[in-house]
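A.B. asks: The chain contents come next:
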Amino acid sequence: MSIRVEDLVYVYGEGTPYETRALDGVSMEIEDGELIGLAGHTGSGKSTLVQHLNGILRPKSGRVFVDGSEITARGAKLTGLRRRIGLLFQYPEYQLFEETVYKDVAFGPSNLGLSEAETDQRVREAMFLAGLDFESAAQRSPFELSGGQKRKAAIAGVLAMRPDILILDEPTAGLDPKSQSDILRMLGNIRKSRGIIIILISHNMDDMARLADRIFVMEKGRIELSGPPEDVFSRGAELRGMGLGLPEAAGMIDMMRDRGAEIEGRPLTLDAAELAIDRYLRSKRARP
Amino acid sequence: MIRDITIGQYYPGDSWVHRLDPRLKIVAALVFIVTLFVIRDFIGYAMAALALAVTIAISRVPLGFMLRGLKAIFVIIVFTFTLNMFMTDGETLFDIGPLTVTREGLYNALFMGTRLVLLIMGSSLLTLTTKPIRLTDGMESLMKPFGALGLPSHELAMMMTIALRFIPTLLEETDKIMKAQSARGADFESGSVIRRARNLVPILVPLFISAFRIAQELAMAMEARCYRGGEGRTRLHELRFRARDAAAAALGALFIALVALERVFADTIYGFLHII
Numbered sequence: 010m011s012i013r014v015e016d017l018v019y020v021y022g023e024g025t026p027y028e029t030r031a032l033d034g035v036s037m038e039i040e041d042g043e044l045i046g047l048a049g050h051t052g053s054g055k056s057t058l059v060q061h062l063n064g065i066l067r068p069k070s071g072r073v074f075v076d077g078s079e080i081t082a083r084g085a086k087l088t089g090l091r092r093r094i095g096l097l098f099q100y101p102e103y104q105l106f107e108e109t110v111y112k113d114v115a116f117g118p119s120n121l122g123l124s125e126a127e128t129d130q131r132v133r134e135a136m137f138l139a140g141l142d143f144e145s146a147a148q149r150s151p152f153e154l155s156g157g158q159k160r161k162a163a164i165a166g167v168l169a170m171r172p173d174i175l176i177l178d179e180p181t182a183g184l185d186p187k188s189q190s191d192i193l194r195m196l197g198n199i200r201k202s203r204g205i206i207i208i209l210i211s212h213n214m215d216d217m218a219r220l221a222d223r224i225f226v227m228e229k230g231r232i233e234l235s236g237p238p239e240d241v242f243s244r245g246a247e248l249r250g251m252g253l254g255l256p257e258a259a260g261m262i263d264m265m266r267d268r269g270a271e272i273e274g275r276p277l278t279l280d281a282a283e284l285a286i287d288r289y290l291r292s293k294r295a296r297p
Numbered sequence: 004m005i006r007d008i009t010i011g012q013y014y015p016g017d018s019w020v021h022r023l024d025p026r027l028k029i030v031a032a033l034v035f036i037v038t039l040f041v042i043r044d045f046i047g048y049a050m051a052a053l054a055l056a057v058t059i060a061i062s063r064v065p066l067g068f069m070l071r072g073l074k075a076i077f078v079i080i081v082f083t084f085t086l087n088m089f090m091t092d093g094e095t096l097f098d099i100g101p102l103t104v105t106r107e108g109l110y111n112a113l114f115m116g117t118r119l120v121l122l123i124m125g126s127s128l129l130t131l132t133t134k135p136i137r138l139t140d141g142m143e144s145l146m147k148p149f150g151a152l153g154l155p156s157h158e159l160a161m162m163m164t165i166a167l168r169f170i171p172t173l174l175e176e177t178d179k180i181m182k183a184q185s186a187r188g189a190d191f192e193s194g195s196v197i198r199r200a201r202n203l204v205p206i207l208v209p210l211f212i213s214a215f216r217i218a219q220e221l222a223m224a225m226e227a228r229c230y231r232g233g234e235g236r237t238r239l240h241e242l243r244f245r246a247r248d249a250a251a252a253a254l255g256a257l258f259i260a261l262v263a264l265e266r267v268f269a270d271t272i273y274g275f276l277h278i279i
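Taken in order, these protein sequences are the chains called A and B.
Each residue of the first sequence is one higher than the last, beginning at 10 in this note's numbering.
Each residue of the second sequence is one higher than the last, beginning at 4 in this note's numbering.
Pulled out of the complex, with its shape left as it was, chain B reads as follows (with noise of 0.2 Å):
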């Protein structure tokens, strides 16, 4: 059932999308969400889906595999879609018992739930065709210049790295300490509220204690290796900025001022779209 969960995950691949600069990809990723926000209207959202749609072809990561990212927040996008619905005031289109569906309301509904779909696989295909470690070395390097206002770029990059590496380490952890108490007739699924969060007593306690131990564990290992901090480190894989990346980078930017004509002309297409 954790399992289940893709949101960050990546997906193995060896695409033109898999080896960007992941600065890159995390400024894509940025601009992409922004400019979800700037669109008005469809056309723009068809622009925007039809860009994501030609990432995703390029990336070959299977379309099911990003799909299932969404059922996670599915909950979320039905409970934005419904609220919009039957919240937004206009004309009358039909009624549900003491509800009503304005036109303007479903139109808002759709025009959401659009956003917040392509919001959410826009921004799962930046960790899914990104190693976490890349993605952090593309963070540290992007808030390198912020360095000089005393933000600890390094550091903030490692924690990130090390929280990343270790989600699934402890996701195992709980799994095994869970197996390991139901096999001792421990039960996690019946019983009060109360009842149920006493229940987690004997997986949380052994949980925090591991925790603790792979955390010593770690830093043992990393001082036994020298680690001192971002001063002066250097790195197996240096970034670089190459052609392709600059050829995405002007894709890119293609689009953004494909966005942006669509939006100042956006009357004259409507004009244009209603005389055919």
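So here's chain A without its partners, still in its complex pose (with noise of 0.2 Å):
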């Protein structure tokens, strides 16, 4: 699996007073296996980015490879490319339509024309890796269900079509802090046990640093930063130019360097701000 994208221009309301450039010379490649982290303002143009991605949206001009075939082409297959890219919506609690969770997670699959034992396992195995408890839950109405589990309800819909690419838009966005955590672990145990891409689209730098490979930063319908977190959020000054931040605890840790603390590496995460600081404090002491 590899997806690359090519110089990508996409126009909102052509021709109108209302006329927008969300995508303007997106050009981006991503590998087996990763997770990428997709980072910008609002309106930058990330969802904008990713409904390409399945074939939802049609570029204006550029194009998009899926495992090296053109699904930009014209004519091009998408029944068959949808089926492999689970494409998660934001806030797709809204999209539950059915009586039970059990019919609403099954809708996927059963659209594939599955059997309904193949159905009934793909159900289970979807609602397990979405951290709902099938006993309890499966013969629920979707709409009785907590905030968080209408979420993981919705995300096990998407997970049910077996996708070899996951595309997930702002999936913790007004949840509950336990909810968010819930849902961070699940994509670090679909990662490591399926091997399968994903993409996390999120303001949140923090779930960035601790999850992702490469994070993409995008402004105005370009793509302005690229590369591992430890690159991309050593330019802290241009991400708070583009109105997005650093994860807390590069954040502090910059503060401590502005202050003359001679801090080694470049920990991002909480436990690794602790090592570095530990480090720090040790080798002061050790030189008088």
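In case anyone wonders, no lab produced these hints; they're calculated from the structure.
Just to be clear, a hint being listed does not mean it is correct.
[What the hints assert, rightly or not] Computed Cβ-Cβ distance ranges for the label pairs, DEER-style:
#	chain 1	residue 1	chain 2	residue 2	range
1	A	Asp129	B	Ala227	42 to 52 Å
2	A	Glu108	B	Ala60	56 to 66 Å
3	A	Pro186	B	Ala227	23 to 33 Å
4	B	Ile136	A	Lys112	36 to 46 Å
5	B	Val34	A	Lys112	48 to 58 Å
6	B	Met163	A	Asp240	50 to 60 Å
7	A	Gly52	B	Gly150	42 to 52 Å
8	B	Arg22	A	Asp240	19 to 29 Å
9	A	Pro26	B	Arg238	51 to 61 Å
10	B	Met163	A	Arg149	35 to 45 Å
11	A	Gln148	B	Ala218	24 to 34 Å
Every residue, glycine too, gets a C-beta built ideally from N, C-alpha and C.
Quick one: dock chain against chain with the hints and give me the complex.
C.D. replies: Right, here's the structure in full:
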């Protein structure tokens, strides 16, 4: 599995006074098994970009390749592609519609025309991965679940498609801290057990620092920064200029450096920061 | 596809037409429509088209943008045109298979087609140059006198404002839900009619839930800001009838007078045209 995007341009409302250039020449390459973080201010084009990856939107110009075949080509078969790419939109709980959680999760697999036994197996697996208890939740109406559980049910609905590429648009937005960490832990698990490409859109830089292999930062329809978290988060000033921030720990280390503390490395998580500060204090004590 | 419909859309601008009092524009649009039905010949329509063209030019709404609105009702225009062309008795011009085109039929078809195009362009110019909120303000103000008869003018206007405000929101919501369901393999484009109708359930259920949620949130937000109906309510932008509105009204009156004269003296005009 791989994704390649070449010079993608997309314009909303072309020819009307409301015309906006949502994507302005985006290029990127994603390798098998990577967890990609996609960051950017509201309206920077993140959601528009990911909708091109499974052919829901068609670009004005530019090309998208999934596994080497061009999906932006005229007449490209998209149904097969959509089965392989799971796309979870913002606030996905608003797409729930069935009488029971079971039926809702089974919507995807049954659209694929799978047998009942296969569907059942997939529903159980997806609910387990999403962190929903099958016995207690499967036969309930999705509308009586709590906010966090609704979100998990919606995620299970996408996981039941067994996608090779999973794209999540702010999957933790508006949830309580426990559900947030549940969902992030789930992403880590899926990645370990399945080795699929995961693209995570998020504003939360701490989540990005913890999970992502590489981060793309978008602004005004372009990719402004990209690379491993250590590289991207070493550009604190630029990120702040785009209305974004650093992970809490990295921000704190930056502040300490500004005040003369010679801390080595580039710790991005609290644990790493603790170790780095500890090392710094020890070395300071060692040389008087 | 849904976004192509421009009827009822607003085209932002700051022209003389945009700035006119919305009450005047509503009345003018109504009068224009009535005039179109009073006019009996092409000379009258030429006058109406000229008046409309001048107004469009002043409004600086691109003609292409207006014509795109016509595209949505193109079928209706063609339908009217064809029916009139074939269904009118009279002097035969030529035959197409079993269908006969008469002189009167062709005249009627052209006449009705022109009327429809002018009708739609005239009324869409109203919404194109008036913000929905100003439009409903104008309607509320025009309906005020009927309050004595028990017409809840403010409530009607508020309902209209809310409905107009949430059309784009619901369209967007529909778009989002359709995308989400098609990402789960839903297919809205193929299959029999019954199958397609069944496939709408995954869109309609979430859409209704969203609509109720939005309505509830809106109601709560309005109550939190002490909304209690129209009585004693003041507004940020008071409607005021200015000099330019009076000027526009005078031009409108002139137009009506000319159309009326043309109708009364139509025979004389035709006689004159025959001489030259």
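A.B. asks: Hint by hint, note whether the structure agrees.
C.D. replies: Right, here's what the structure says about each hint:
1. In this structure the hint that A/Asp129 and B/Ala227 lie 42 to 52 Å apart at CB holds, the actual value being about 47 Å.
2. Taking the beta carbon of each, A/Glu108 and B/Ala60 are about 58 Å apart, inside 56 to 66 Å as hinted.
3. Here the CB-CB span from A/Pro186 to B/Ala227 is close to 27 Å, well matched to the stated 23 to 33 Å.
4. Restraint check, B/Ile136 to A/Lys112: a C-beta distance of roughly 43 Å satisfies the suggested window 36 to 46 Å.
5. Evaluation of the 48 to 58 Å hint for B/Val34 and A/Lys112 yields a pass: the beta carbon distance comes to about 57 Å.
6. For the pair B/Met163 and A/Asp240, the supplied restraint of 50 to 60 Å holds, since their beta-carbon distance comes to about 54 Å.
7. In this structure the hint that A/Gly52 and B/Gly150 lie 42 to 52 Å apart at CB holds, the actual value being about 43 Å.
8. One distance hint, 19 to 29 Å for the beta-carbon pair B/Arg22 and A/Asp240, is violated here, with the actual separation near 53 Å.
9. Range check, A/Pro26 to B/Arg238: about 27 Å between beta-carbon atoms, so the 51 to 61 Å window is missed.
10. The beta-carbon spacing between B/Met163 and A/Arg149, approximately 40 Å, falls within the hinted interval of 35 to 45 Å.
11. The beta-carbon spacing between A/Gln148 and B/Ala218, approximately 30 Å, falls within the hinted interval of 24 to 34 Å.
Going through the hint list in order, the structure does not satisfy hints 8 and 9.
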